[in-house]
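Colleague: Spelled out, the chains give:
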Amino acid sequence: MSKFPRLAISAVLALSLFPATAFAAGDAVNGEKLFKRCATCHTIGEGAKHKVGPQLNDVIGRVAGSAEGYSYSKAMVAVGKAGTIWSVTTLDAYLTKPKDFVKGTKMAFAGLAKESERTDIIAYLRGFSKAGEIAAPASAAAVPDAPATTDRAGAPQQAMVAAAKDSPLPTHGVFHLGRLATPAEIAAWDIDVRPDGLGLPEGKGTAAQGEVIFGERCASCHGDFGEGRDRWPVLAGGLDTLTSERPNKTIGSYWPYLSTVYDYVRRAMPFGDARSLTNDEVYAITAYLLYLNEVVDDENFELSKENFTSIHLPNEQNFIVDDRNDEAHNANRGEPCMTACKPAPAQVVKRAQVLDVTPDSDQAEQAGGAVE
Amino acid sequence: MSNGSIGDMREFERTARAATAIQPSRRQLLTAGLATGFGAAFAGIVTRPAAADDPAIIEVQDWNRMLGDGVDARPYGSPSKFESGVVRRNVPWLTADPVSSVNFTPLHELDGIITPNGLCFERHHAGIAEIDPAQHRLMISGLVDNPLVFTMADIKRFPRENRAYFLECAANSGMEWRGAQLNGCQFTHGMVHCVVYTGIRLRTLLEEAGIKPSGTWLLAEGADASAMTRSIPMEKALDDCMVAFRMNGEALRPEQGYPLRLVVPGWEGNMWVKWLRRLEVGDMPWQQREETSKYTDLLANGKARRFTWLMDVKSVVTSPSPQAPVGHGRGPMVITGLAWSGNGTIKRVDVSLDGGRNWRTARLDGPSLSKALHRFYLDIDWDGSELFLQSRAMDEAGFVQPTKDELRAARGENSIYHNNGIQTWQVRADGVVENVEVS
Chain A
1050 MSKFPRLAIS
1060 AVLALSLFPA
1070 TAFAAGDAVN
1080 GEKLFKRCAT
1090 CHTIGEGAKH
1100 KVGPQLNDVI
1110 GRVAGSAEGY
1120 SYSKAMVAVG
1130 KAGTIWSVTT
1140 LDAYLTKPKD
1150 FVKGTKMAFA
1160 GLAKESERTD
1170 IIAYLRGFSK
1180 AGEIAAPASA
1190 AAVPDAPATT
1200 DRAGAPQQAM
1210 VAAAKDSPLP
1220 THGVFHLGRL
1230 ATPAEIAAWD
1240 IDVRPDGLGL
1250 PEGKGTAAQG
1260 EVIFGERCAS
1270 CHGDFGEGRD
1280 RWPVLAGGLD
1290 TLTSERPNKT
1300 IGSYWPYLST
1310 VYDYVRRAMP
1320 FGDARSLTND
1330 EVYAITAYLL
1340 YLNEVVDDEN
1350 FELSKENFTS
1360 IHLPNEQNFI
1370 VDDRNDEAHN
1380 ANRGEPCMTA
1390 CKPAPAQVVK
1400 RAQVLDVTPD
1410 SDQAEQAGGA
1420 VE
Chain B
5 MSNGSIGDMR
15 EFERTARAAT
25 AIQPSRRQLL
35 TAGLATGFGA
45 AFAGIVTRPA
55 AADDPAIIEV
65 QDWNRMLGDG
75 VDARPYGSPS
85 KFESGVVRRN
95 VPWLTADPVS
105 SVNFTPLHEL
115 DGIITPNGLC
125 FERHHAGIAE
135 IDPAQHRLMI
145 SGLVDNPLVF
155 TMADIKRFPR
165 ENRAYFLECA
175 ANSGMEWRGA
185 QLNGCQFTHG
195 MVHCVVYTGI
205 RLRTLLEEAG
215 IKPSGTWLLA
225 EGADASAMTR
235 SIPMEKALDD
245 CMVAFRMNGE
255 ALRPEQGYPL
265 RLVVPGWEGN
275 MWVKWLRRLE
285 VGDMPWQQRE
295 ETSKYTDLLA
305 NGKARRFTWL
315 MDVKSVVTSP
325 SPQAPVGHGR
335 GPMVITGLAW
345 SGNGTIKRVD
355 VSLDGGRNWR
365 TARLDGPSLS
375 KALHRFYLDI
385 DWDGSELFLQ
395 SRAMDEAGFV
405 QPTKDELRAA
415 RGENSIYHNN
425 GIQTWQVRAD
435 GVVENVEVS
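Protein chains in written order, with the working numbering: chain A, 1050 to 1421; chain B, 5 to 443.
A couple of the hints might just be wrong.
In silico DSSO-like cross-links for lysine-lysine, where the CA-CA straight-line distance does not exceed 27 Å [said to hold, decoys possible]:
#1 B:K216 / A:K1123
#2 B:K351 / A:K1391
#3 B:K351 / A:K1179
#4 B:K216 / B:K240
What the hints contain is simulated information worked out from the structure, not anything from laboratory work. As the structure is a prediction and not an experimental result, all values here were calculated from the model.
Same shape as in the complex, but just chain B (with noise of 0.2 Å):
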């Protein structure tokens, strides 16, 4: 693709394109003659003109006047129509088939630390089961004292808590290792979600049916059509591990493992075993499927690390990111990403203007809370030059988020997993984003 005025201009009405959100102010803006917003940021004309009778004052507006919905017609809500852009989307081409395969949250639609239940992206190896929970029975087996099994009422009479966690795929930014690849955050970093868990702990169920001494892992079990295994460390069962039925209040999401999943914070996402139906008991691992011939990390040598369970400390900044342009002129200006890591909470966030030449330390809003995402925010004044953004993290155990390169002199370009790499977006002057990499 040129670098030329067409091909921007071709970059500009794409990006425009996916972030429809933004397209009916847009219009409004530039029917109205104003070149503000978008028009003047594709312009570059950042001087603001003498202001001049803003319709959406001057005329009334139908809301208005007219009588809106009643409280019978959305008894379940959805976003408002103008929102209707800021959806979960799949790379038809990652994948043989949508049934196993992934989409990916809109993470620059997002703020806070909390994502909106039906935002999180999707991750299923046999689509998505459809489980009458009056029909699901999770049963405890193996080298137990007592073999159980439990329904769904018996699973909510267990003390409950409640706890925000980040999930994130360990495939996350896996296209990106031999370079920058897709141009959007939500693409580059969006297999990653943190909702606020409501369930019980693992410990009180294994504890029900009595762990054999011998008993040192753990298998869960899903019900689904791929029946999705994964062998965890006793230690780690014991220690944080939910049983959860609940996310942000309400019933898990069907695509989220209705009506029961495992919850494994810090620890990525495939573990997380969703539509959960069994946990065995055993004293060694299952070496299943999804640890050996997937979820192992080749190196560069020909060697491949296994049970790699932990995710990184990473950042990445959302907005402005491609598909979230700058649409305005020079001045003040909001840079905004997520930071997280299984080791806890996040320390600090410290973002580059210049490609990582020099750095600032941002400011972490919002909840801090062990294995959840942090939302950090460096509001600076932009003078409409052209900036590499980029986001370090640092978390609680010291770790500090590498560069690409960095990992890549480690692991090689073949390893899919576990790329916690700083990620570049190249802002324009005309406040186009690109994913980029940068010397």
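Excised from the complex, chain A in its bound form (with noise of 0.2 Å):
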């Protein structure tokens, strides 16, 4: 027991006083002898290719399974997913006994006892690999200098990590960018309702409750009815409406859906103050909605997660695919008449100016027509 603590004192004060230098004073001559050992299944160095092992040029830096076109063991692949990269450090740990550091390795290797070995043959592998010279600890160093590189001055800017060439990377996709998304960072952000209900949240409220709560958030654009103040958009009303001169596009006459009053109202309404409805408020105006539209009758209507996919909205059946292609003037595609076109002199028939309705002129203020 009594010589521990010694060799844990000097060993901590070996790794204070020569981390750095320690793995930068290795003797890559007797690194090259020592790698003679592992060239029976690894080459390294110009024209090196996959052997029995993966070559080893640019090892340094490289995520642990990751060379292209070697066919590696599942642990060792696993491994680099799990965050592991090549380094003087993750080298000498897996150098000393492979198969403790990835279970499953296919390297048969048994490893190197002695720290001096290993400390040559990662020097020698350091010669061959660019984040080599980096790659040590001690470039840390370096950082603290660097200028702030969110001032935009003029001046070249230093690189803002010193380490670039340390820096993990992550092993998706094809050019590793990016990193994997939380589930509670997706959850914060997918609030899309769609009509099969998809994505619609726990919650109830009834047509009632949404009344209150509609004269409060919503009518002062709205209108207590929806009937829509000044231009704000009219939301009830207008059955009928859609073959008339003047049709009234509303939720009740023309949306075909009601997971989009859901979805539209919990992402951008009250307008100046999106976000700011609970689930259950949210279900208590949309109700309040089918209630103004006459979809259901009775004001102690209760909308809920349960029965949402069972309403629909009476204009759901008239919408159509795009078939402007199959009109007159786009299905007979041909060379256009070029003279005497029409039979007569062009006369006006409409004028600008009859509404005279451009900003800038006095009229323009009274005029109707607004776009949506």
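Dock chain one against chain two, each of which comes alone in its own frame, and use the hints as you go.
Modeller: Structure (structure tokens):
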């Protein structure tokens, strides 16, 4: 027992005194000799190819199990995906006893017990890795003097991350850019609701409850009964007006799906205070809009996640696919007429000045016909 | 409004007021007693008097004598003060609130095919989101192998491309369905612009996350207070869509979606989600507000087309036009305009001087890029008589721009969107131009 504390102290001393220099001081010449034991399976240097083991150019800085074209063990790929990158430190640990560091690795080599041999081999490998010079922990000391990169001064900027060459690479995709989204992040932004009910949150609310909320939060623009004030959207009424000269397109008369109401109110309403309604409040407002549009006739009607998809809006069936190409002027594509295309000289039949609603003109403010 | 001379004068003065860039020269010319320029056109005088000594030449001008601003005065340059009338304009009565509204590109003052960044029309649904790029994230979620989050720094590490595309609001010319209404191509056609985008292929981003085989639709979502959303079929998403962070070489303008927007070439502008923060892969469309309640095209029979994404072949004469009246007498006149199509390139533009009775093929000049604006010119020798100017574009797919009557016959007058009908400008002998429809 008595000698353990002493050993521990010397280990701490060694780490604190030598980490940078110890790794840097490996003897690459000796490492080259030692590498002959590895060369049975690995190649390195110009023209190196995968053999029994992967080629080892640029191994420092490489994500474990990621050399293109080499068939790794599942274990090695998994270790890489978990974030292991070959550096002086990780290679040292691996070479000490490969099967301990990566359980299931294909590498049959038992390991190098002698630290100096490991250090020398790693020094040799570093000579073939672009990341070699910076991979040692000592390089981190270069960071503090770097100027702030956000000041956007005209002078050339120092590197943002001195140890970029040693930074971890994710394994997803082609470019390994970005990072995995967390479940909480996905949930925070994924508030869309589809007609089949996908995305509906738990909750419920009655039309009567919705009337109160609507009066407080919505009626200042949309009117107490969804009739719309000024030029704000009309939300109710307009049934059977779609073929009239001035259609009144409301939730009841035009919108195909109720899910759109829930989705839109939750994401964008009230105007200027979006995302302030609770899920139950949105259910209640949606129920009230159904009531205003006479889709339901009981003000105690309660809308919930459970009964939501059973509600259908009257105009759902009146939406059709884009068939513009079937229109006569599109279907008959050909050389257009160039001469004498009309029997008589053109006569003016409509004038903008009759309406005179162009901005800067006096009558513009009183004109009708809002765009949506 | 009367057609008499008082009405004409009022109309002329109003038009001249709108075209403020012309005012100094007009005042100068009148002061000098020269009966040319606007004065000549207005007075109907088409011959040039013998040249008097021009004070612009005879007198030493201030700018010829005194020093101007140094290089520190304008670190980000602006147009000449004499171009101060070249601005986006709003039509106040169109919408309930300027925060959820639209303004219009001054097409009548521009040339070439590229729209300056500060003049690209704006349409937002909850105002301009001012986003710190360091706090902006783009998330890809849904039916993907790896849901991912990207910072702007991540985005800028993917291989880039540069493409010029027009962006047209589906409601462009939407006020003209029932007949000529707004007097100026800025207002009738100004919900279009064309810039060079720098960004990355949307396909590249989606493949980084890995689309599952069932992923056939994409929902794009903005980070603004409307959290704008649109469903996009995966086929288009994997074709030519981009995620862009620059326009005309510089960062996107805030009103155009800084720091990141979707580019959906040839398709209606509403789908080009600004302030893009999320792409969700799914197996059916989401039926969002902007693809059900809005951006669906009501027909006369009460049915409504949905998912009318493509912007049809279209053109307009930008000058002369009501805000760009003819300021000279008879003789050489440059008729110019823009043409574009969501199907690709413009094959040909014909121009009529007589309201569509006879046509001449115009000259396309400048780059002819797929799904970008094309510039056309017809250089004529004007005899000073009344003109009914029209332009008619044909695209590479063979589609020919229809007349407004053809569109109304097919759809009625309440479609709002996708009005690509042929525009008519009446050019009067006095140079004044009006938006009309002709028999």
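Colleague: Decide, hint by hint, whether the structure agrees.
Modeller: Structure-based check of each hint:
Proposed proximity of K216 (chain B) and K1123 (chain A) is supported: the alpha carbons are some 23 Å apart, at most 27 Å. Restraint check for K351 (chain B) and K1391 (chain A): satisfied, since their Cα atoms lie roughly 24 Å apart, inside the 27 Å limit. Proximity of K351 (chain B) to K1179 (chain A) is assessed by CA-CA distance (about 52 Å); at most 27 Å being required, the pair is judged violated. Straight-line distance between C-alpha atoms of K216 (chain B) and K240 (chain B) comes to about 16 Å, which keeps the hinted pair within the 27 Å bound.
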